[in-house]
Each structure stands twice: as C-alpha cells, then as structure tokens.
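Just so you know, the sequences run in chain order D and W.
The numbering of the first sequence is the working numbering, which starts it at 1365 and goes up by one.
The numbering of the second sequence is the working numbering, which starts it at 21 and goes up by one.
None of these hints come from the bench; they were simulated from the model.
No experiment lies behind these values; they were computed from the predicted model shown.
Honestly, I wouldn't trust all of these hints.
Restricting the straight-line Cα-Cα distance to at most 20 Å, the calculated cross-link-like pairs of lysine to any residue (SDA-like) are [unchecked claim]:
| hint | chain 1 | residue 1 | chain 2 | residue 2 |
| --- | --- | --- | --- | --- |
| 1 | D | Lys1415 | W | Thr25 |
| 2 | D | Lys1400 | W | Gly23 |
| 3 | D | Lys1415 | D | Gln1428 |
| 4 | D | Lys1400 | W | Gln61 |
| 5 | W | Lys46 | D | Gln1428 |
| 6 | D | Lys1400 | W | Lys33 |
| 7 | D | Lys1400 | W | Thr121 |
| 8 | D | Lys1474 | W | Ser93 |
| 9 | D | Lys1474 | D | Tyr1374 |
| 10 | W | Lys33 | W | Ala58 |
| 11 | D | Lys1434 | W | Ala58 |
| 12 | D | Lys1400 | W | Leu108 |
| 13 | D | Lys1415 | W | Phe80 |
| 14 | D | Lys1420 | W | Tyr118 |
| 15 | D | Lys1400 | D | Gln1459 |
| 16 | W | Lys46 | D | Phe1409 |
| 17 | D | Lys1415 | W | Leu59 |
| 18 | D | Lys1400 | W | Leu59 |
| 19 | D | Lys1423 | W | Gly78 |
| 20 | D | Lys1400 | W | Ala58 |
| 21 | D | Lys1420 | W | Gly119 |
| 22 | W | Lys46 | D | Leu1410 |
| 23 | D | Lys1420 | W | Gly117 |
| 24 | D | Lys1421 | W | Arg127 |
| 25 | D | Lys1400 | D | Gly1365 |
| 26 | D | Lys1420 | D | Gly1405 |
| 27 | D | Lys1400 | W | Thr25 |
| 28 | W | Lys46 | D | Glu1381 |
| 29 | D | Lys1400 | D | Thr1441 |
| 30 | W | Lys46 | D | Val1408 |
| 31 | D | Lys1400 | W | Lys46 |
| 32 | D | Lys1400 | W | Phe84 |
| 33 | W | Lys33 | W | Phe84 |
| 34 | D | Lys1415 | W | Tyr118 |
| 35 | W | Lys46 | D | Gly1405 |
Sample of chain W residues at the chain D side, in silico, Cβ under 7 Å [unchecked claim]:
| hint | residue |
| --- | --- |
| 36 | Pro63 |
| 37 | Phe65 |
| 38 | Thr129 |
All residues carry an ideal CB built from backbone N, CA and C; glycine is no exception.
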Amino acid sequence: GQQVMQIPQYQHVQEGEDFTTYCNSSTTLSNIQWYKQRPGGHPVFLIQLVKSGEVKKQKRLTFQFGEAKKNSSLHITATQTTDVGTYFCAGIGNQGGKLIFGQGTELSVKP
Amino acid sequence: DAGVTQSPTHLIKTRGQQVTLRCSPKSGHDTVSWYQQALGQGPQFIFQYYEEEERQRGNFPDRFSGHQFPNYSSELNVNALLLGDSALYLCASSFIGYGYTFGSGTRLTVV
Chain D
1365 GQQVMQIPQY QHVQEGEDFT TYCNSSTTLS NIQWYKQRPG GHPVFLIQLV
1415 KSGEVKKQKR LTFQFGEAKK NSSLHITATQ TTDVGTYFCA GIGNQGGKLI
1465 FGQGTELSVK P
Chain W
21 DAGVTQSPTH LIKTRGQQVT LRCSPKSGHD TVSWYQQALG QGPQFIFQYY
71 EEEERQRGNF PDRFSGHQFP NYSSELNVNA LLLGDSALYL CASSFIGYGY
121 TFGSGTRLTV V
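Required output: the full structure, derived from the provided sequences and hints.
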C-alpha cells in the first residue's frame, strides 16, 4: 500500500538557523499537503501542492513538490521559537481517496 | 464559524468495553475522515465517509466502525477495546480539492 516517509525524525536548531524536512512517497501522488502540529495540539493545514515541480511560499516557509510527484520538501528560513512543533507531510495517491501521513519531523528551536 | 468539533475530549474505558466518539464537521464540508494518533507518531488513517458511505478504509480491524449522518456529522465506534487502542483519535473534515480541518481530538485511555 501507499507509504509516506519523512526525514529527519527530529531536528534541533538554534533560533535564526534554517530547517528542512523531506518527504518521500512509495507511489506517485495526485497532491501533497503539509500540516503543523504544536505540542499537545492537533494538525493544522499549511498548504497543498498539486503540480509537478510546484513551489509555493508562505512568508519564511518554502514548499516544493518533486518533478515525479513522489517527493516534497519544506524549508523554513531563519527559524523562530514560534516554529516549534511537528511538521507532517501527507499525500493522496493517484487513485484518490485516503490522505496518508508521514511520521513527521519534530522541530525544536533554541532561543 | 465553528471548526471541527469532537466529543468527548477525554475518555477512560476498560478493556473489552465499547466506545463511541463523535464529530461535527466544519460548515460546508461534506467529507469526514478519522485518524488514530499514537504518541510520537503520525496520524494513521482509519476510514473516510462521504454521502453517508464509507469510501476508503485503512488497515484497521472490523472492531472499528463508523457512521455518517445526513447532516455530515460522524461517529467512530470501537468494540472490544484493547490496551493498544489507547491513542488520540482525530476527526478531520474536508471538501473536495481542499486541505483537511482537524478537530482537537478525543484522548482515549484503555485500562
């Protein structure tokens, strides 16, 4: 079945440093979504990518969807303490239907 | 505008018992998905409901069942509870082509 893998599992950075998390799917995706979950909270939708090679930006966050639509990345420039949380990628396969989540990357930011 | 509402927020049950969790989707959303999230893990897809039918199902046993009502609200039922069913149960609502909105979840503890 469809699997979504994320690396790294944990990332500890100093405030102001950059952060990147990578996502790979075992199958081609029709779209990929990114979510942020704060400690003790629930996942919150950040963005959706649907086109091959698509790049989207939200302030300091840059999201990319690979040309083969099997991988994606999230890059945060100049991290802040408010960026703390776990970032999940989640994909829907070409057959549609279920949104499958990766294991997440937990980001901690040291002031 | 209310987002996704889940009840109860916390629940303690004994092994072998049955539990029902409830979800009211965000206004305008017609699809409800249920996820199980163990501590430190990504959300695991249980099933998805659309037009009162189970449209997709993940790798969960038949002890997990659900229902969607005409007003799009949904229930998740778990029979013969096991200790391993202890987790955060998340409901997410969506409208086709858009990201998911998650509720705050129900924390289920099986003792």
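Name the hints, by number, that the structure is in violation of.
1, 5, 6, 8, 11, 13, 15, 17, 19, 24, 25, 26, 28, 32, 38
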